[in-house]
Amino acid sequence: MTNAALRSTRLSALCALLAVLLLQPGVFAAEQRELTFEKDILPIIRSKCIRCHAGVEPKAGLNLTSPSSLLTGGKSGAALRIRAAEFSLLYEMVSSDKMPPVGQKLTASEKGLIRKWINAGAEGVGNAASIDDSEDLTGADLWSFKPPVRPAVPTVRQLDAVANPIDAFIQHRLEDRGMTLAAAAERLTLLRRATFDLIGLPPSPAEIEQYFNDNRPDACARMIDRLLASLHYGERWGRHWLDVAGYTESAGILNEDKPLPLAWRYRDYVIRAFNSDKPYDRFLQEQIAGDELTGYWDAYETAERLPAEVVEGIIATGFLRTAADPSRPDFKKIKNAAGQYFYPTLFDTLQIVCTTTMGLGVQCARCHSHKFDPVPQADYYRMQAVFMTAYRPENWIPQMNRRLTIATKQQVEAAAKQNAAIDATVKRLQAELAALKATFTARIFAEKLAELPAEMQPEVKAALQTEKGKRTEAQQKLAAEFEEKLQPQGKVLEAALAEFTDYTKREKELNAAIAAEEKERPRFDEVRALYDLPGEATTPVLLRGDPLTPGPLVEPGVISTLAAPQPFQWAAPEVAAKTSGRRLAFARWLTQPQHPLTARVMVNRIWMHHFGTGIVATPDDFGVAGSPPSHPALLDWLATEFVRSGWSIKHIHRLILTSNTWRQRSRVSPQHRALCTEIDPDNQLLWRQTIRRLEAEPLRDAMLAVAGTLSRPMYGDSQSVSRQKDGEVIVPAGQDQNRRSVYVRILRLNPETMLQVFDQPTIAVNCTQRSVSTVSTQALTLLNSDVMVRAAAAFADRVWSEQPDDPIGQALLTAWGRSPGTGERELLTTFFI
Amino acid sequence: MNQFDPISRRQALYQFGGGFGGMALGTLLSDTSPAAEAVSHMTPDFQPRARAVIQLFMHGGPSHVDLLDPKPMLNRFDGQAPPDHVADDESLTKHLFGSPFQFRQYGESGLEFSEIQPFVSQHADEIAVIRSMFTEHRNHEQAIWMAQTGLTTAGRPTLGAWTAYGLGTENRNLPSFIALPDPGGAPVDGVRNWSSGWLPPRYQGTVFREQGEPVLNLKPKQPRPQVIEDARSRLLRELNERHLAERPGQLELEARINSFELAGRMQLAATTALDLSQETKETQSLYGMDQPTTKSYGTRCLMARRLVERGVRFVSLFMSGQPWDTHSKNNEETKNCCLRTDQPVAALLTDLKRRGLLDTTLVLWGGEFGRTPAAQGGSSNATSGRDHHPYGFSVWMAGGGIKGGQHYGATDDFGYRAVEKRTQMANLHATILHLLGLDHQVLSWPHNGRDERLTDVYEAEIIEELIA
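Protein sequences appear in the order of chains A and B.
Numbered according to the numbering used here, the first sequence spans residues 1 to 833.
Numbered according to the numbering used here, the second sequence spans residues 1001 to 1468.
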């Protein structure tokens, strides 16, 4: 070792020693003044870092001399994250002595200063001036980013295969490959298929009979109309929407599975919207901007009552409240709460909005321009800005306080007046009640005192009337002996008072009067809604998606590469405006007739629920990484037809269900199968119907319907669920255990076991496509669960009482809608008898 | 179906898996061969060291400075304000808090443990302690998600689910991923601790219970006579066969029918696997099953060994709530946790070893973070607690290819911040997968438009020094 090196080693050893000595309390006593970049940090950087990290070509691309470049960082990412020294590269490098690599390391005091400066907010850093957005945007000519153009309906050779244009598109592709549509399924199959598809229940024997007796040529279309008119339709298709919306009834993203008691109003809104075939454009506008669309704030300020349309509008914004939001009022005190707890809700909201309405997973662009899809990072934050005026991570309203009352200003003010009057009356009545009680308590005292020997009375009285702490020893003894008797408390006092009829009579009257007053208090229903908050909202681009490295601010906007004919149109409102209009502008842009994605994504979802797979097999990804459409022309025809029909979802159902494509058999002839399997083994071209699994809800509902125990009341609060000792989560006894599944409470951390076993999604963000699993816990549930055992018993009772002479025939008719096939009756008879 | 379309290919595999060359369905039902789609995840040039994992998840965040990471400086400056460069960043704790527990060296390696782990410390030479862990959140749930799923966001697949997906099972009658929660109550974050996230549900942990029937609905609550049970099975089989015969080539239907058959087999397999009466008295008392304090955790440790022995890939053990969350009375509560778990955990290591299973079974011990070197609340050392601490903490691993008798990395003098060989969760996860023969960069699932993996976008490194 050279002398110099030796000296240097000794020096650092001494430094270390010194550092330890300096660890005495007080030496590093926190300075109260704010640490600044200029005064406190730059000197350290100048003395220890500047040799490498400055100038035109700083090492690792990191320039430490300009505060805003600390956030932009260098090749290894941001050098610092605001208020998070422990997770900042700058602090990591200097605290571990990795930097500077040669020469004097930072002293403990310098490290401490850097740490404290960062954790106090990194004064002087501000927002990064630019974002690294140099990546090429590939795929800008993606089919799904251009508006759908209505294609001509193709001509086919086999004309009788075509019942409507859908068939022409399908048959055309099949004929191309030498195939054809399969024959239509049997009538009963079609009835069951349509009934499950549209209302999620099996047809009843009466409905089967009615359908079989209808010999009119349009019997099938009538049957479909009947089902579309059924109120159960909304329960079935509303449930599909609730999946993509990520609907749950608890905020339990944290362990505390906080219930959201108002969430069901949104669920009911969705069911009603489907039942009334609310035009889909309006449906989206209401969910994204129902408050702005229906003029909630105007109505609040000026109307006597909120019109029904406004109430519906604010309930619809529940769509934007489905993202997990565990926040409580005390979260505000947590350091970096915005980044840790509030921003995630905003991220999830945007993911839900974009996957649901546009079939795009834009969340990649949160951290960097999208790797596959032509979505620049800034666009992500432009869209985030649309929701920023409402959500405000920097000025957060905890989820339980974020709600609107179904009332206008007039009503609220009137209610306040009325409440003040009631308060006064109640106060007077309560005072009277207290006085009454005091009078009679005194009477008890006097009477009991009189029962004592006369000579004792004055002393006992004096003892008991003296304050507890001031009693003499003698008085304490007396009190111990007589207090209980003369001054009874609690229940004993109540019992003693109850002896006086003139007390009880008046007490009853007074309590009744108080209750009557309380009943008069005006009460308003509340809505879990999203609405803008007062004040200006800014939206920074977050470098690498990190709220602790904010970048330049952006204005509200949309995906710039999406070729929608109508641009996003928004102008900042007056300062005094109660709502910014950002969400309405977004909703209008989204629902323009020629939007490249909105109609396509929705018709694809409808198709998916009728065929098992969408025309685009990835309903949440219409981007480069998603599946290309199997029938692009059909998709566009359906999308334009959807818009033409006034965005009528039921119109699309009707088209699909009256097509020969949908009516095909799944069980095809061996020749047909052999031919087509060869060419198209996965049935992408739809040479037959696919066999599909019933989802959890229709499975459970069908079982209850067949057992005859399904409880059908619609709407309102959900049936609660509870976790049993054995870990099973069920609708407990005492609740309506047989309620339709869409009304069973959905808790993030305690999902109802049977529904979960059959793949009802456990919601983290939302569910754009359910998994279909086949596991033996499903078999065990069907074989042994209490729910099944109960349903089986009810089913047995039912068929035996309905058809005591032929319970087996009745069982099959009820469950499968048909009479026993060959050998079936014998088989079942052997089992049952 | 487009062959370049991973989603449809995989979906086809898991939806129709039952038909492919008789390959049974899903891992819950599959045989020894790993799921077909997982074969490509195996590291080609590395012989797997572990074939099973037992995860002892310590909810709440055990205090590293009281258990595995001795810090004399803490005791020396006990009660004083922490120096600036180790001050707690939320100023919740203002007084350094020395550990009352003596640390000693154990085994030939001299690995240090505190005195409250008299049993586990006997395995010092098998254990590798990572003292330089850090995580990214100081709240339980987010840190649990980080530890269990790789990111601080909810809803991702857990380590157990990834393992089940990557390896399949060795026993077609038992699930490949089993969770053993405390009968006293769920751990914090409940079912998400064994969730498959956006992996198919068949990879989620199946809960086995230490009391009553091992699996929910294994049998009806009101038992049925065997004759009825048998007749029911026969009838069901007959009806199913008829149904299938009319729908030839419907693979999913076939799989569905198989699942009923397999459910029957699971009834037997699960019941046998958890029949602890087959164990000797000596083994039972080794696990502390004869003492009230250790009975519950000991029972689950023994269950874990029996399950791993039968080819289960991943067993997770939990305690109710978050017992290590020692915000007050840190010393007493930490000791209590050791009283409940130390002997059973040591017994598990002993038992695995004597049965020749330790070499191929990786045992993981650790929580979601550590605890502050400074005291939280409390007027005396007896009542003081320690707060959550993400910047530096310890976990340990043993068996399954781990080189025992070492500690890896270090925190600073106060146990505040990991400073040497800083170890992010992704490194730990990558190493665990590596020991199982899985490549963390390859084991992925298409989700949100990209192939997502346990280590996500982290540049994770396999910690070679830990591997024997």
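Be aware that one or more of the hints could be misleading.
A few chain B positions that, by computed beta-carbon distances, are all more than 10 Å from chain A [to be verified]:
no., residue
1, H1140
2, V1207
3, K1219
4, F1260
5, L1339
6, Q1441
7, R1450
Covered stretches of chain B (chain A as the covering partner; in silico rule of three or more C-beta atoms under 8 Å from a C-beta of chain A) [unchecked claim]:
no., stretch
8, 1148 to 1159
9, 1417 to 1424
Derived by calculation from the structure, the hints in this document are not laboratory data.
This structure is a prediction, so every number in the text was calculated from the model and none was measured.
Even glycine gets a Cβ: it sits at the ideal position worked out from N, Cα and C.
Checked hints:
1. H1140: violated (7 Å)
2. V1207: For V1207(B), whose nearest Cβ neighbour in chain A is about 6 Å away, the distance does not exceed 10 Å, so it is violated.
3. K1219: Nearest chain A Cβ is 6 Å from K1219(B), so the label is violated.
4. F1260: The claim breaks: F1260(B) does not keep its Cβ more than 10 Å from every Cβ of chain A (closest is about 4 Å).
5. L1339: holds (25 Å)
6. Q1441: holds (16 Å)
7. R1450: Contrary to the label, R1450(B) does not stay out of reach of chain A, its closest Cβ about 7 Å off (not over 10 Å).
8. 1148 to 1159: The restraint on the stretch 1148 to 1159 of chain B holds, since 4 of its residues have a Cβ under 8 Å from chain A and three suffice.
9. 1417 to 1424: Contact hint for the stretch 1417 to 1424 of chain B vs chain A: holds, 4 residues under 8 Å.
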